[in-house]
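Once you have looked at the hints, place chain B on chain A.
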Amino acid sequence: DAGVIQSPRHEVTEMGQEVTLRCKPISGHDYLFWYRQTMMRGLELLIYFNNNVPIDDSGMPEDRFSAKMPNASFSTLKIQPSEPRDSAVYFCASSLTVNSPLHFGNGTRLTVT
Amino acid sequence: QKEVEQNSGPLSVPEGAIASLNCTYSDRGSQSFFWYRQYSGKSPELIMFIYSNGDKEDGRFTAQLNKASQYVSLLIRDSQPSDSATYLCAVNSGLPYGQNFVFGPGTRLSVLP
Numbered sequence: 001d002a003g004v005i006q007s008p009r010h011e012v013t014e015m016g017q018e019v020t021l022r023c024k025p026i027s028g029h030d031y032l033f034w035y036r037q038t039m040m041r042g043l044e045l046l047i048y049f050n051n052n053v054p055i056d057d058s059g060m061p062e063d064r065f066s067a068k069m070p071n072a073s074f075s076t077l078k079i080q081p082s083e084p085r086d087s088a089v090y091f092c093a094s095s096l097t098v099n100s101p102l103h104f105g106n107g108t109r110l111t112v113t
Numbered sequence: 001q002k003e004v005e006q007n008s009g010p011l012s013v014p015e016g017a018i019a020s021l022n023c024t025y026s027d028r029g030s031q032s033f034f035w036y037r038q039y040s041g042k043s044p045e046l047i048m049f050i051y052s053n054g055d056k057e058d059g060r061f062t063a064q065l066n067k068a069s070q071y072v073s074l075l076i077r078d079s080q081p082s083d084s085a086t087y088l089c090a091v092n093s094g095l096p097y098g099q100n101f102v103f104g105p106g107t108r109l110s111v112l113p
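Protein chains in written order, with our numbering: chain A, 1 to 113; chain B, 1 to 113.
Don't read these hints as lab results, they were simulated from the structure.
Watch out, some of these pointers could steer you wrong.
Think about it this way: if two alpha-carbon atoms lie no more than 16 Å apart in a straight line, the pair counts; the simulated EDC-like pairs of lysine to aspartate or glutamate are [said to hold, decoys possible]:
no., chain 1, residue 1, chain 2, residue 2
1, A, Lys68, A, Asp56
2, A, Lys78, A, Glu14
3, B, Lys2, A, Asp56
4, A, Lys78, A, Asp63
5, A, Lys68, A, Glu83
6, B, Lys67, B, Glu15
7, B, Lys67, B, Glu5
8, B, Lys2, A, Glu44
9, B, Lys2, A, Asp57
Partner residues aside, some chain A positions facing chain B, computed with beta carbon under 8 Å [stated by the list, open to error]:
no., residue
10, Asn50
11, Ile55
12, Asp56
13, Pro101
14, Leu102
15, Gly107
16, Thr111
We treat Cβ as the ideally placed atom computed from N, Cα and C, and that holds for glycine.
One chain only, chain A, in its complex shape (with noise of 0.2 Å):
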């Protein structure tokens, strides 16, 4: 399997921009995380979804975060506008159930100038 793949690597974007990030989970897994991670607050849960069907969105920042799972292999997560603030490491992960090991992408740098 190819693991959980996330696009683009690098994401370089001016203030007041739409930015979105993308990710294609393992197949087969049900449950798909986003995650944001700053030297400062870590590696922090945003939303995930089970069966595509957000479950848990209580870590999304603020509205101009939104995030979307249209099919099992899919999933945006969409920042507008993006303030400098959002610079960090978006990873997307998943798993098999929701007691199995998470699976990590390689992540998307995010730099909001």
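The following block gives chain B in isolation, referenced to the frame of chain A:
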């Protein structure tokens, strides 16, 4: 908000020694526990997981769980310089709703040759 605590380190040990990493969690109902290793600039990779009280060994790694004390630890025997990384503890409720896979801030381990 569920919390997972770890000593941030850095924890420095000489090559060949035992490294002991600790983690405490706030949610008494947590069901599954994971240790991830993260090298600088890379994504977290699974080291071990444990579901039941007691010890679980895998090669040089031993995970220990004490649910009554809400404590989980990772021992690394015969530490090698290649073990130098940040170790993340993750705690999971195991329920198909609410917060899942909450990570601690990580402990930075440095193994000195």
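These are the hints, each one checked on the structure:
Restraint check for Lys68 (chain A) and Asp56 (chain A): satisfied, since their Cα atoms lie roughly 13 Å apart, inside the 16 Å limit. About 15 Å separates the Cα atoms of Lys78 (chain A) and Glu14 (chain A), which keeps this hinted pair within 16 Å; it holds. Proximity of Lys2 (chain B) to Asp56 (chain A) is assessed by CA-CA distance (about 13 Å); at most 16 Å being required, the pair is judged to hold. A distance of roughly 10 Å separates the Cα atoms of Lys78 (chain A) and Asp63 (chain A); the hinted pair therefore holds under the 16 Å criterion.
For the hint linking Lys68 (chain A) to Glu83 (chain A), the alpha-carbon distance of about 20 Å lies beyond 16 Å, and the restraint is violated. Between Lys67 (chain B) and Glu15 (chain B) the CA atoms are separated by roughly 31 Å; this puts the pair beyond 16 Å, and the hint is violated. For a cut-off of 16 Å, the pair hint linking Lys67 (chain B) to Glu5 (chain B) stands: about 15 Å separates their Cα positions. Among the hinted pairs, Lys2 (chain B) with Glu44 (chain A) is consistent with the structure: their alpha-carbon atoms are about 12 Å apart, no more than 16 Å.
A distance of roughly 14 Å separates the Cα atoms of Lys2 (chain B) and Asp57 (chain A); the hinted pair therefore holds under the 16 Å criterion. Satisfaction of the interface hint for Asn50 (chain A) is found here, the shortest Cβ-Cβ separation to chain B being roughly 6 Å, below the 8 Å cut-off. A distance limit of 8 Å between C-beta atoms decides the matter here; for Ile55 (chain A) the minimum to chain B is near 6 Å, and the interface restraint holds. Because the closest C-beta pair between Asp56 (chain A) and chain B is about 6 Å apart, less than 8 Å, the hint holds.
With its C-beta approaching chain B no nearer than about 5 Å, Pro101 (chain A) sits inside the 8 Å limit, and its interface hint holds. Evaluation of the Leu102 (chain A) hint against chain B yields a held restraint, the C-beta minimum of about 6 Å falling below 8 Å. With its C-beta approaching chain B no nearer than about 5 Å, Gly107 (chain A) sits inside the 8 Å limit, and its interface hint holds. The criterion of a C-beta within 8 Å of any C-beta in chain B is not met by Thr111 (chain A), whose closest approach is roughly 14 Å, and the hint is violated.
In terms of the numbered hints stated before, the structure departs from hints 5, 6 and 16, listed from lowest to highest.
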